[in-house]
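K.L.:
Residue-level listing of the chains:
2 protein chains.
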Amino acid sequence: MSGLPAEGRRRTVIENVTPQVDGGRFPAKQVVGDTLVVEADVFADGHDEVRARLSWRPPDNPAWQQQEMDPVGNDRWQASFRLGEVGRYEFFVSARVDHWRTWVHDLQKRVAAGQDVTVDLQIGAQIIAAAAERAADADHASVLTETAAQLTASTALAPGLTEIMDANPDLTWATSLDSPLAVVVDPVRARFSAWYELFPRSASPDPKRHGTFDDVINRLDYIAGLGFDVLYLPPISPIGRHFRKGPNNRESGTAADLGVPWAIGAPVGGHTAIHPQLGDLGGFDRLVHAARQRGIEVALDIAFQSSPDHPWVTDHPEWFRARPDGTVQYAENPPKKYQDIYPFDFEASDWRGLWQALNDVFRFWIGHGVNIFRVDNPHTKPFAFWEWCLNDIKADHPQVIFLAEAFTRPKVMYQLAKVGFSQSYTYFTWRNNAAEMQEYLEELTRPPVSDFFRPNFWPNTPDILHADLQTGGPAAFEARLVLAATLSSSYGIYGPVFELGESTARELGSEEYLNSEKYQQRTWDLTGGARLRGLIERVNGARRAHPALQTNERLLFHPADNPNLLAYSKNTANQRDVILTVVNFDYHATHSGVITIDLAALGLVDGAPYEAVDLLDDQTYTWIGPRAWVELDPTVRAAHVLWLRQLP
Amino acid sequence: MSGLPAEGRRRTVIENVTPQVDGGRFPAKQVVGDTLVVEADVFADGHDEVRARLSWRPPDNPAWQQQEMDPVGNDRWQASFRLGEVGRYEFFVSARVDHWRTWVHDLQKRVAAGQDVTVDLQIGAQIIAAAAERAADADHASVLTETAAQLTASTALAPGLTEIMDANPDLTWATSLDSPLAVVVDPVRARFSAWYELFPRSASPDPKRHGTFDDVINRLDYIAGLGFDVLYLPPISPIGRHFRKGPNNRESGTAADLGVPWAIGAPVGGHTAIHPQLGDLGGFDRLVHAARQRGIEVALDIAFQSSPDHPWVTDHPEWFRARPDGTVQYAENPPKKYQDIYPFDFEASDWRGLWQALNDVFRFWIGHGVNIFRVDNPHTKPFAFWEWCLNDIKADHPQVIFLAEAFTRPKVMYQLAKVGFSQSYTYFTWRNNAAEMQEYLEELTRPPVSDFFRPNFWPNTPDILHADLQTGGPAAFEARLVLAATLSSSYGIYGPVFELGESTARELGSEEYLNSEKYQQRTWDLTGGARLRGLIERVNGARRAHPALQTNERLLFHPADNPNLLAYSKNTANQRDVILTVVNFDYHATHSGVITIDLAALGLVDGAPYEAVDLLDDQTYTWIGPRAWVELDPTVRAAHVLWLRQLP
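Protein chains in written order, with my numbering: chain C, 1 to 648; chain X, 1 to 648.
Keep in mind that the hints are not guaranteed to be accurate.
Same chains, same names: a pair is fine if it fits in one copy or spans any two.
Stated by the list, open to error - List of simulated lysine to aspartate or glutamate pairs, EDC-like, C-alpha gap at most 20 Å: (1) Lys109 - Glu332; (2) Lys337 - Asp376; (3) Lys337 - Asp34; (4) Lys337 - Asp614; (5) Lys411 - Glu387; (6) Lys411 - Asp376; (7) Lys109 - Glu611; (8) Lys336 - Asp586.
Derived from the structure by calculation, the hints contain no laboratory data.
Looking at chain C on its own, in the form it has when it is part of the complex (with noise of 0.2 Å):
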């Protein structure tokens, strides 16, 4: 008789239980207020009742709090509860067969068919009385006792007896999962933000004055006032000198070539220190203080890699990988070199050395108030680092997002996710035709890819100035600008160059930006740029006054008979707010079409009369049944957001 289990009488199989990200070898993902729905399917052999219970502990509180399940239909159960706290959550799920339901569910139907059930509540009282016995709760130990000895139908199928009974059930043979499932819990931001990045250096009105966190801090009340909430900066830590990169990636010409922010590290300091040209820590201080005053977080680009001038290549060889020829081994690309950056050796022996100092990098700038960070390159550092340092962090301070700064192969960037990483950039700005927007969408915004990974999309990143923006003129900006913060409720731009239209590349065919500010100052009039900025405060204003756009829960594609139309809606669970939104993908030409709505989805009436207001232009227009005819032309609007209201 070998392999039988200790206990053959376990009969309940808990299985598929939701949400769970591959087999629970990593964490669900949700933000704080959420009511985390939990579901399994649950069954035994047989035809006896079975019940499920959730088991569920808020994080650092080792009590677990329960409460039974319901059935949803097909043997599936479910339950949920509130995540009030940031933090990682724990859970599971356990079932049994109640002896007890199952024959009162009996009694009823032999009492209805005139049975004699004297035999029956004699073995009913059996369980009764075993139930007496188990009872903590003396007054139920002693209703449970007098019950038993004098069982009747009407007694037994009383519905205060089966409360009881449930408060004391058999859990002989109950089975759990194996182990607890966990989600992690982050704040609001983590799933709703719209980032405004903007390079430091170009913050000065005075081209011949480098840019400083003061310049920052005068233009916080233009970000506000554009309506973000998130100011990220490229690396404000001091840059190298050698092979130091001047304007438009060329050798540096002269020592007053300002070199690349992502070259990290000089005489002065490396990951922990600040650039001198843009002040000092106070300054910075400052910045983070000013910013919060107006909702706005400040989150930092942390690049883990060195200049030649990083004072780690020194203090800590160990943790570079040298070659034979005793110089130390910078970034390549074979043919191509980047001799002003040197990678981090991941496998070196002290590789437990370089994950703390790595680590300390995150908690130092915690520690002056960065509560969000935006990780360059992190597909290039091993993934159990990251699954090791963004735990680590999280434990102690729950409250920090980090965004993965990947663009790389689907299954790489998902994996970071997985890891730990709560927000990512995506190929939003490569999907550049309707089909491809809605399959792609669809991708991320359904299980299992929305339990783990959650979209930033940027119409435009320093790196990426997409040919649709080179050439689509201001309908792409704006279309654009909309897909992002409709879409996706995590959303960024890069400016002031974005809302003032900056379309010229580096050359034909590339998506660098000519003149870049990752190579150079630059200074901009911000009193430009009116229609774009007009949109960017229309469509930010909407996000913060419609929940149904803080999610991509329920995102749902609504059938164009214009392949060049993109029709998509967001809602709230309870369906009270409802935005439609009709996006013209062809910037050239006016296009015109039918939206076919799932009214039902949106829990609006057929036949009855409801309005759509555009959000961004407060234009009205009453419609009735699922066929709405639609027209942009993209000299005049690059969309529709329309808020959907049923009319009384």
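Since the structure of chain C is already known, use the hints to place chain X on it.
P.N.:
Positioned in the frame of chain C, the structure of chain X alone reads:
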């Protein structure tokens, strides 16, 4: 630094290994001779080359075989191996970063760009020298040492070197699955089988004489002539006397009533004894032998329940549930009582003794040459019991096949397949239009379900005379036969009632046969039913001649413009054998329509003529292009089973 991994330099990730059932909780299923294709997502951080390796071992062989996997795109890797014997194979995937191949790849680009590679060659020589130290093979070690000592770009890039480097890989930081996955390899008949069920009691040509095993032997040539290869007998154990049922499930009136074969056990014996009216063990052994001579396996029905007269009721009262009045708990579905049946109590304290006794029942019959068991109502016994019992038996007797007769909720049916049943009854009988049938088959024949669940389709059983057969006339019998036999590589009929077209239900709205053999002896005139017999012979002949019909792996539906028609193909992996079946679901009217055939999926050339030979009547059609017009008149034929071949 809490939570650090033991080794932080393991950089490769292995995910989504297939086949895999519930994260490896259960084995996948294959049949002997199959090629197992294993795939996995394998990747690492950064841009280094990775390598993936498949390790596997056959049953009873502790040594792992190893082979390199090949990349098939999008970070997916694949390897396959032949499953040469029945039993439980294990396999796992491991992966590593390959610094040698990364270095070679980079060197090629450096050389092509005309760069100075002096230092690179020094790095390469270090990698080779390290491999030389690892090499177990002395020839390898010396070749590598020599090569390292005088490395040039051209010796470095010689393919022979990489072959030797591959043979001496650096596995220091390799990763692998936490635990191996398993695949159970069954005999071919587990996937491809044609079952014929008959009641031995009715095998006698003389209504006054009870049928015996020798009568069944006399029936074998008839069954073999129809083309079946499994003869399935309802239980052959002694039938209980107490509460015995008479004809049409009435209370027994006289001692002459034969009773129900599923009421197992009488004073002469229980599950391992023979019902005396059928003969004795010697007769059964003769039947098994005579059947096997005709290529037919005898399948026994195992029903784990007792009549009140089963010897275990007195010898092992602890395996039954006692009622408070001292009687034994009989089967119930309140308010219905089945006093002729005592279920076993799987919550008995001696569950171990009960499990072993039931296991011994299978082993007894295996000792008498039975390799196939149809298990009655397995869903009323614990899953844990089946998982232990079936695995325990298959460890000693890997050739044994178990068919689960569970008509219950979908997740319960799937769980029985997961825990070890080789084949399963299905909802086929209740899928009665083309759309429902297609949807159901697409669920059954694709992963995840197809990894663990093998359908066995039955147009009728002794418990199920579907309304379609009661009202549909010969066309219904023909259509359901063709559907069962061509949609599912395993199917069966309950005869001879099926081929004789028996269609009278016990009462209106019932699926029970009138005068069912479950309760009484019948006598059959086997000269009748010529049309159906002819069809069955044709269909079974086509199944044997065409490997496409011997698996469900490539079942594909082709759209028809008439919803009464269902068109589907099966083909072999090499596309050399292609069968297209078209069935008319309306048994009372002629229907015609155009089938749009996915020619590419079948290896047929669009625009070139191909031949369609109807295997049911040898009629030949010549078609060209994807659109084929079909007409089915139910008075002439219910279906086409077309062998498609490109014309030369």
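K.L.:
Are the hints correct? Go through all of them and say.
P.N.:
Comparing the hints with the structure gives:
| no. | hint | in the structure |
| --- | --- | --- |
| 1 | Lys109 - Glu332 | between (78 Å within a copy, 11 Å between copies) |
| 2 | Lys337 - Asp376 | within (19 Å within a copy, 71 Å between copies) |
| 3 | Lys337 - Asp34 | neither (48 Å within a copy, 49 Å between copies) |
| 4 | Lys337 - Asp614 | neither (51 Å within a copy, 67 Å between copies) |
| 5 | Lys411 - Glu387 | within (16 Å within a copy, 35 Å between copies) |
| 6 | Lys411 - Asp376 | within (18 Å within a copy, 45 Å between copies) |
| 7 | Lys109 - Glu611 | neither (53 Å within a copy, 62 Å between copies) |
| 8 | Lys336 - Asp586 | neither (37 Å within a copy, 69 Å between copies) |
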